[in-house]
Every structure is written in C-alpha cells, then in structure tokens.
Amino acid sequence: MRALREKLSEIYENLGLPRIIIIGFFIVLLIAAVPLGLSVPNLLGDAIRRWAMYGILVLAMVPAVECGINLNFGISLGIVAGLLGSTTAIEMGIPNPWTSLFAAMAIGVLVAIPLGIGYGILLNRVKGSEMTVSTYVGFSVVAFMNLVWLSLPFKSGTLIWPLGGRGMRNTISLASSFGGVLNNFLGVQIGDPTQGLYVPTGLILFFMAACVVVWLFLRSKTGLAMSAAGSNPMFARASGINVDMMRILGTTISTALGAIGIITYSQSYGFLQLYNAPLMMGFHCVAAVLIGGATVRSAKISHAIIGTFLFQGILAVALPVANKLLPGTNLADVMRIIISNGIILYALSKTKEGS
Amino acid sequence: MGSRYVLEMTDISKEYYGNRVLKNVNLQVEPGEIHALVGENGAGKSTLMNILFGMPVIHETGGFEGEIKIDGQPAMIDNPYKAMDYGIGMVHQEFMLIPGFTVTENIKVGREITNPTFLSKVFGKDLETLDIEKMRRDARVALDTIGLNIEEYVQVAGLPIGYMQFVEIAREIDKTGIKLLVFDEPTAVLTESEADRLLEIVQLIASKGIGIVFITHRLDEVMAISDRLTILRDGEVVATLNAKDTTVERVAELMIGRKVEKLIEGMGDHRVLSDADIALSLRDFYVDMPGERVKGVNLDIRNGEIFGIGGLAGQGKLGIPNGIMGIYDSEGTVELFGKELDLTKLGEALRNGIAFVSEDRRGVGLLLDESIEFNVVFSAMQIKGDFLIRLGPITIYDQRKAREHTLEMIKTLDIRCTGPKQLVGSLSGGNQQKVCLARALTLNPALLIVSEPTRGIDIGAKRLVLEHLIKLNREEGLTIVVVSSELVELRSMCDRIAIISGGNVAAILEPDAPDAEFGLAMAGLRKEGASIA
Numbered sequence: 001m002r003a004l005r006e007k008l009s010e011i012y013e014n015l016g017l018p019r020i021i022i023i024g025f026f027i028v029l030l031i032a033a034v035p036l037g038l039s040v041p042n043l044l045g046d047a048i049r050r051w052a053m054y055g056i057l058v059l060a061m062v063p064a065v066e067c068g069i070n071l072n073f074g075i076s077l078g079i080v081a082g083l084l085g086s087t088t089a090i091e092m093g094i095p096n097p098w099t100s101l102f103a104a105m106a107i108g109v110l111v112a113i114p115l116g117i118g119y120g121i122l123l124n125r126v127k128g129s130e131m132t133v134s135t136y137v138g139f140s141v142v143a144f145m146n147l148v149w150l151s152l153p154f155k156s157g158t159l160i161w162p163l164g165g166r167g168m169r170n171t172i173s174l175a176s177s178f179g180g181v182l183n184n185f186l187g188v189q190i191g192d193p194t195q196g197l198y199v200p201t202g203l204i205l206f207f208m209a210a211c212v213v214v215w216l217f218l219r220s221k222t223g224l225a226m227s228a229a230g231s232n233p234m235f236a237r238a239s240g241i242n243v244d245m246m247r248i249l250g251t252t253i254s255t256a257l258g259a260i261g262i263i264t265y266s267q268s269y270g271f272l273q274l275y276n277a278p279l280m281m282g283f284h285c286v287a288a289v290l291i292g293g294a295t296v297r298s299a300k301i302s303h304a305i306i307g308t309f310l311f312q313g314i315l316a317v318a319l320p321v322a323n324k325l326l327p328g329t330n331l332a333d334v335m336r337i338i339i340s341n342g343i344i345l346y347a348l349s350k351t352k353e354g355s
Numbered sequence: 356m357g358s359r360y361v362l363e364m365t366d367i368s369k370e371y372y373g374n375r376v377l378k379n380v381n382l383q384v385e386p387g388e389i390h391a392l393v394g395e396n397g398a399g400k401s402t403l404m405n406i407l408f409g410m411p412v413i414h415e416t417g418g419f420e421g422e423i424k425i426d427g428q429p430a431m432i433d434n435p436y437k438a439m440d441y442g443i444g445m446v447h448q449e450f451m452l453i454p455g456f457t458v459t460e461n462i463k464v465g466r467e468i469t470n471p472t473f474l475s476k477v478f479g480k481d482l483e484t485l486d487i488e489k490m491r492r493d494a495r496v497a498l499d500t501i502g503l504n505i506e507e508y509v510q511v512a513g514l515p516i517g518y519m520q521f522v523e524i525a526r527e528i529d530k531t532g533i534k535l536l537v538f539d540e541p542t543a544v545l546t547e548s549e550a551d552r553l554l555e556i557v558q559l560i561a562s563k564g565i566g567i568v569f570i571t572h573r574l575d576e577v578m579a580i581s582d583r584l585t586i587l588r589d590g591e592v593v594a595t596l597n598a599k600d601t602t603v604e605r606v607a608e609l610m611i612g613r614k615v616e617k618l619i620e621g622m623g624d625h626r627v628l629s630d631a632d633i634a635l636s637l638r639d640f641y642v643d644m645p646g647e648r649v650k651g652v653n654l655d656i657r658n659g660e661i662f663g664i665g666g667l668a669g670q671g672k673l674g675i676p677n678g679i680m681g682i683y684d685s686e687g688t689v690e691l692f693g694k695e696l697d698l699t700k701l702g703e704a705l706r707n708g709i710a711f712v713s714e715d716r717r718g719v720g721l722l723l724d725e726s727i728e729f730n731v732v733f734s735a736m737q738i739k740g741d742f743l744i745r746l747g748p749i750t751i752y753d754q755r756k757a758r759e760h761t762l763e764m765i766k767t768l769d770i771r772c773t774g775p776k777q778l779v780g781s782l783s784g785g786n787q788q789k790v791c792l793a794r795a796l797t798l799n800p801a802l803l804i805v806s807e808p809t810r811g812i813d814i815g816a817k818r819l820v821l822e823h824l825i826k827l828n829r830e831e832g833l834t835i836v837v838v839s840s841e842l843v844e845l846r847s848m849c850d851r852i853a854i855i856s857g858g859n860v861a862a863i864l865e866p867d868a869p870d871a872e873f874g875l876a877m878a879g880l881r882k883e884g885a886s887i888a
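Chains A and B, in that order, give the protein sequences. Quick note: the first sequence uses this note's numbering, first residue 1, plus one each step. Quick note: the second sequence uses this note's numbering, first residue 356, plus one each step.
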C-alpha cells in the first residue's frame, strides 16, 4: 500500500500539475465520447495520426531550446523552406511518391540550412530577447513568402490558380505526388473501416526515426557541447566551446527539422497549405513541447513526444465531442486557442525561477 | 558642541549570522582631522562605514552594538537619510553620478532649488520649476572650493574619470552643514596626477574644519596626508597611531600580522625546483577583464612548484588565470613548457594541458542543472575526446565509462552526495568545489590553476581541498598555481607568492617573508623600479 502511494507521488512529481490536469481532461473527453455515440477507437486513431504528423515540427523545438535560443517561435522559417521544397518537387513532376517525398525533403532542407544559419546569426545579436525576435521573424517570413508564392514562375497545373495561370493556390492537393505515402506504408486497420482504429505505421516509424537521429545527435560530442552552451555560456566558453557557433548550429538544425516536419505533416494531411497557414504553427509547436514538460531552458525528446500526443490528442477528441454537445458552434477551436496560448503563458510565467 | 570630536564610535560590534565581523571597535575623528582607516579586504572597514551610514544591510541583519556620537551627542542613525541630516557625507569608490545630467544637476540632485508656479500651487511642490540660476551659482561655489575649474553646465558623461570624482566631492561639500566626509578608496581609479590633486583637495576640505575619514589601501597616501590612522584587522582595531610617529613598514606589518599555519609540514618533499625548468612563462601579459585588469605582467612559474598569486580585490590577480584560459581577451606571450600558446584560439590553454578551477563556481565553473557525472567528464570529453564511444559512423557519449570515472572521483575527493546522478546545484559549496576540481583533474593536466579555492566554503572543506592540492603536487609532481585573496591560505602552502597590485607584479615573496613586506606589496609600494601603471 505504502509502496503504491510512494510510486504515485513519484509519478505526480515527475509529471507536474499541469500535465496531470491535461491528462485528466483527455480521459474525461474520451469517457464523454461514449454516451455521445462517438467511436472511441476512431477518436484514438485520429489522435495517433495527428500525434505522428505534428511530431517532427514539435521535435524541432528541442535543439533550439538546448542550444540556448529558447523556444523557436520562428519555426515558420523552416516551414516555408519545407513548403518551397514541396512545391518545387511537385513542379518537377516526379511520378514516384517516395522519390517525390524525398526530393521535397532534400530541397526543403537545402533551403532551410542557409536560412537557419542567417537566422542563427541574427539571434546571436539579440541575446536575451530571442523569443520576441523569433516571433517576429516567424511573422515576417510568412508575409514575405506571400509575395513569393504569388510570383514564383511555377507552371504545374496542380500548383497554380486554374484561372489566370500565375501565382500559387492556397491549398495544393498532394494526391498526384506524395500524399499519404508515409501513412499508408505498412498501415494497419483494426476493426471496421469507418468505426475502427487505423494505425499509420510508416508515419509513426518515420517520426520515431527522426527522434532517434536527434537523440543520437544530442548524445554526441557536438550535441553535448551545444547543450552546455545553451545552459551556461560562460561554462561552455571556459571549456573551449564556441558558444555562438553552437547556437547557430542548433538554430539551423531546428529550422531543417521544421522543413522536414511540415512535409511529413502535409503528406498526412494530403494538402499543402500556403500563404498565411504557417502563421500560428510556431505557437502550436511551442505549446505542445511545453505541455510535454519542457521549459524555455531545457527540452528533451520525451517532452516533444508526450507533449505532442497530449496537445493533439485533446484537439482530436475535443472537436467531435464539442460538436456533439453544442452543434453549430466552434467551441472546439476556441478551446484549442485557450489551451495552446494558456500553456505558453503558463510556461513563460515560470521562466524566471529556472535561470 | 561640547566635545572635541565630531565623530565618536564607541565599542562597535557587529555579527552577520553568528559570524563576528567587528569586535569593540573605537573610532574618533576631530574636526579638521584627516583620519585614515586601513586594513585588508574583509578587515571590517566597509561594515564600519555601513553602520555609520545606517545602511539597510546592517539593520536587516540584526543591527549592531555600541554607540555613535556626533558632536558629543548620541546619534541614532538607522537609515542613510538620517546620516545625511547629521551632516555625514560620502564619496564613493564607484561614482554615483547620472551620466546624462550636467555637473550642476548632479551636484544638486535631490536637493534642487525650486520656484513655485501656477501648476505647483494646484498640484503640490513636486511640480515647481527649477531655479537653474541659483543652482548654478551654488554649484560654482562648491566647485571653486575644491579648485576645480570646469564649467558647471557641461554633461558629466564626457568628463575624464578624475573629474567625475571631483564632481562627486563637490556634491558632498555643497550639502549644508556637512561635518564629516568619508572617502572610500577615492584614488583607486585615478591616475597618479589626479590622485595627487585629490589628496590636495582632501587637505583643503579638512582645513575648513570638516572631519575626514579616509579609507584606502595605498599606505603611501595615508602617510602623506593623514593626521592619525586606525588599523583594522579581522574586525578589531589593532592600533590607532599618529602618522608622524610611525613608518609605512610598521603600518603594513600591523595590517597583515597573523599566524600562518603551515599545511605543508610533515609532507615529504622530494621535488627539484629549478629556474631552468619553467612550466609557465608570461611575458608582457595584458588581460582586459573588467574590474580585474592585468597590465603587462611578467612571471615565470617553475615546473613542480605551488605558486601563489595574491593581492587585494580589483588589482588584477583574477585577470591572470582568466586571461590564460581565454575567458577574457588578452595580449602578450604565454609559454607552456617552452611552447607558445595562441590565446586568440578558444580552448588553446585547455588543449595544451592547463586545467582551471574558476573563482566563479556557480557562474563559470558548473552546469548547475546537470549531474555530477556530466560536470566531471564534460571538459575531458570536449577537449580530449574521452568518454566517447564509436557506434559505426557516429560517436556518442559513453555513459558507463563516465559513471565509473565519476564514482572513483567521488571516492578520492570525498564528494558528499547521493550518487553521480545528483544535480550539482543541490550540493553544498565545498562539494561543488570538489566537483570543479574533479573536472580539472579528469583532464589530466600538466598545469593546474585554481582560483579562489576556498571561497564560500566552510572551514573543514577548506582544509580538505587545500590538502588535496598539496598532495597532488607532492605525490604526482603537478605544478599548481593558486590565486587567492586569502594571504594566509597562500602562505600556508605555496613555494613562492606573487603579489599583484595595479595590474602588475608588485613583488614575488617567500611564504615566510616578513608581514611588512606583504603589506607593502599589497599597498602597491613596489620595490626596485617596477613601472607604475
């Protein structure tokens, strides 16, 4: 009995109050779904899919926090790089979905690297207010890309507006390129197709592989040097580490992961979303990693994995539940905004004690 | 008035958390007297002045015992405003001036002369306009008194440092009814000619009947201008002397004099030290470390010795190790076992086998949110590639090896902890210091520099750390440089001690050299023609 109580209090300490509230909320929503006639396996399947599809975008927060630039609100920079990679791959008209996917990722990362380096140099000049600056970098790059999307000389019919023949569409279907290619790889359907649970094995494997790669990097000599530079720059300097270089490295990796993340996201969603769609994505990623237990000074891969599941899980379950309870309202969306911004506010209000 | 003293402090005692920093201190100052207050860092000079000014730090820590009399009347000074009312002024070591204001505004700030206006009649005195003309006239008078002919309307920001000090003095003497003026190391930041000028001004002010308390480390200044001097050591008055009847040597001896317990006795010494076998050599070494500037130091540290670097705070002793390690920018030549180091490259000293335990343990020395294990192996991993394991094309952290090594270090250095996974932030100061030492030793250095090895740790741990350093030196022949503000500590273990003053080597002394020599060196009275910065 006592052992159990100790175990429970240990779990409580490890999770912390905010996570326990959110886990409780998630379970309440799942239970509420049953009398409302919603299929729980279906909801869970949806939660799992959203978890894996958002996972890499949230994972991108980890190197950013670890290298000392705090939460990367400017992940939109990586996102637009990924979108640029995707549109270029579609324009190239590669028929094989896998080739198309990897071409998109390769181009996306190639674009993301110089952007990330420049962004890192900028953040080195504004030490102490990285989060404010990164938020505005994120906003500005989205606005700038609005012009670019309109003026890129792409010709593919799936990309440009059907009328006028110039400028790209808001939403671009990936059906003819790499849509769903990861989701369908080794996918498993449990139960019947409409009510059951679909496991997107390929997507999950890809997300896990990305986690392993980042984990290995963080355990390498350079990765550990980067973490040290982030948590105590003077200490790192005294150990012969170039702190500014490490910050640029972390920022660049974060941006590149953002590019890969949005491509993974888009292939699962089935569409590319251009223009203002990436505007608030940075906030969702930040909220997710914070729900997972990260702070502005330290983030682990487990925080990204757990946080994404909780954040996306709640959205996946809350939306149908709220629609059943109050049909015709957008309560679910209101709740999502409250949760994501509330958790960011909560985490930022806690930053002082850590430093 | 009824008293021959403007200030009498009688039987002043003060405790900080059970630690007695002042014991029955007496101080009397006559009107027009220049009374010098001398002593090492930590002798109690600042505490005594904090008591005189009623600083909050005194009253938050339980007040003090003893009595203060101003003009023979008992005075209750429990905040700095009261001190001002009693006519006590202070010229600070760091300037308390507002750079963007003019000289006049700085002199008059807080005591502005104002004219009522329509708005102020409605909304109160805070909205009265300044009577700039009158304020300028007052400022002029104050500036003239100290013989400073700068325009009273220029901004303070552009003035030379020496002038800022004079503006500060002008502000103090502009206060009506000033009876006693305290100078806290006023010449510390001044050039020599500025310092001479300041001393003249101090004498001028004293001649107007104002009592002066003059705090300084520079004994030559003390002897030049003061009438009497009070020497503090370890919170006690060791002597109050007439300047005429004593010598600099005598004062220096009284300031330092303390028993030194030799830690090295009883340890076998089989070392062979030779001037031909030099481990570390500094030539014309400059370091740009704020507050601890080094200005052209030359030093030769012999292979196998324990070399001490001492001196008062702010004189540059800390700049030397920080410059060598590349934490602050430096210039000049550094040779390690005959090989010149390129200090513009980050980590150069580390890669060549110099390990460093920083004086700023929590800021530079440790990753407080990481485990003991990670802190111990980190530098060796980064610099020498130890504790890494190859997995095909990639190399990652070898936790098993790191764990083994850390357990061994915990045992040899007796680090009190729950295990290698404990976060260093939760360790006591002494154990944190041992973790720093463990990290330095993990590098397997050819030369170890330890800066302030015992700062902020308790007596028991202090001894352990020092004895371990001596053991390393005697048994493994490790050359050790100890930088410390505790002269006693250096004298208990070092073979030679360099005293740094004004960013330069004032003297290199044997540990059992007379107290007076140490005192003179610390006061910056150099011997044999060393250049004056």
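Worth flagging that the hints you see were computed from the coordinates, not collected in a lab. Where a beta carbon is used, it is the ideal one built from N, C-alpha and C, also for glycine. Incorrect hints may have been included.
[To be verified] List time: in silico BS3-like cross-link candidates among lysine-lysine, alpha-carbon distance up to 27 Å:
#  : chain 1 : residue 1 : chain 2 : residue 2
1  : B       : K534      : B       : K476
2  : B       : K826      : B       : K617
3  : B       : K817      : B       : K776
4  : A       : K300      : A       : K221
5  : A       : K300      : B       : K534
6  : A       : K221      : B       : K776
7  : B       : K700      : A       : K221
8  : B       : K424      : A       : K300
9  : B       : K826      : B       : K766
10 : B       : K476      : B       : K489
11 : A       : K127      : A       : K324
12 : A       : K127      : B       : K700
13 : B       : K378      : B       : K489
14 : B       : K739      : A       : K221
15 : B       : K563      : B       : K534
16 : B       : K739      : A       : K7
17 : B       : K378      : A       : K221
18 : B       : K739      : B       : K617
[Claimed, not checked] Beyond 12 Å from chain B on every Cβ pair, some chain A residues (computed):
#  : residue
19 : F25
20 : P95
21 : G118
22 : F139
23 : I190
24 : P193
25 : A225
26 : I241
27 : M245
28 : R297
29 : G328
Hint check:
Restraint check for B:K534 and B:K476: not satisfied, since their Cα atoms lie roughly 35 Å apart, outside the 27 Å limit. With a C-alpha separation of about 14 Å, the suggested pair B:K826 and B:K617 falls inside the 27 Å cut-off, and the hint holds. The suggested pairing of B:K817 with B:K776 holds, with an alpha-carbon distance near 24 Å, which does not exceed 27 Å. Taken as a hint, the A:K300 and A:K221 pair is honoured in the structure, with Cα atoms around 17 Å apart against an allowance of 27 Å.
For the proposed pair A:K300 and B:K534, the alpha carbon gap of about 63 Å is over 27 Å, so the pair is violated. With a C-alpha separation of about 19 Å, the suggested pairing of A:K221 with B:K776 holds against the 27 Å cut-off. The hinted pair formed by B:K700 and A:K221 meets the criterion: a straight-line CA distance of about 19 Å does not exceed 27 Å. This hinted pair does not check out: B:K424 and A:K300 have alpha carbons roughly 63 Å apart, beyond 27 Å.
Pair hint B:K826 plus B:K766 holds up; C-alpha atoms about 15 Å apart against a cutoff of 27 Å. In summary, the hint linking B:K476 to B:K489 is supported, as the alpha carbons are separated by about 21 Å, within the 27 Å threshold. For the hint linking A:K127 to A:K324, the alpha-carbon distance of about 48 Å lies beyond 27 Å, and the restraint is violated. About 23 Å separates the Cα atoms of A:K127 and B:K700, which keeps this hinted pair within 27 Å; it holds.
As the CA atoms of B:K378 and B:K489 are separated by approximately 47 Å, the hinted pair breaks the 27 Å bound. The hinted pair formed by B:K739 and A:K221 meets the criterion: a straight-line CA distance of about 11 Å does not exceed 27 Å. Restraint check for B:K563 and B:K534: the C-alpha separation of about 10 Å stays at or below 27 Å, so the hint holds. Taking the CA atoms of B:K739 and A:K7, the gap is about 41 Å. The hint is violated against a cut of 27 Å.
Between B:K378 and A:K221 the CA atoms are separated by roughly 54 Å; this puts the pair beyond 27 Å, and the hint is violated. Between the alpha carbons of B:K739 and B:K617 the distance comes to roughly 36 Å, so the proposed pair goes past 27 Å and is violated. For A:F25, the shortest C-beta to C-beta distance to chain B comes to about 30 Å, beyond the 12 Å cut-off, and the non-interface label holds. Residue-level check passed: A:P95 sits 32 Å from the nearest beta carbon of chain B, beyond 12 Å.
Every C-beta of chain B lies more than 12 Å from that of A:G118, the closest at about 23 Å, which supports listing it as non-interface. Distance to chain B confirms A:F139 as a non-interface residue, since its nearest Cβ pair spans about 32 Å, more than 12 Å. The non-interface label for A:I190 is consistent with chain B: the shortest C-beta to C-beta separation is roughly 35 Å, beyond 12 Å. For A:P193, the non-interface assignment is confirmed: its Cβ lies about 42 Å from the closest Cβ of chain B, beyond the 12 Å cut-off.
Consistency note on A:A225: stated as away from chain B, yet its beta-carbon is not over 12 Å from all of that chain's, at 6 Å minimum. The non-interface label for A:I241 is inconsistent with chain B: the shortest C-beta to C-beta separation is roughly 6 Å, within 12 Å. The non-interface label for A:M245 is inconsistent with chain B: the shortest C-beta to C-beta separation is roughly 10 Å, within 12 Å. The claim that A:R297 is not at the interface with chain B is violated, since a C-beta of that chain comes within 12 Å of its own (minimum 8 Å).
The Cβ of A:G328 sits about 49 Å from the closest Cβ of chain B, beyond the 12 Å cut-off, so the non-interface label holds.
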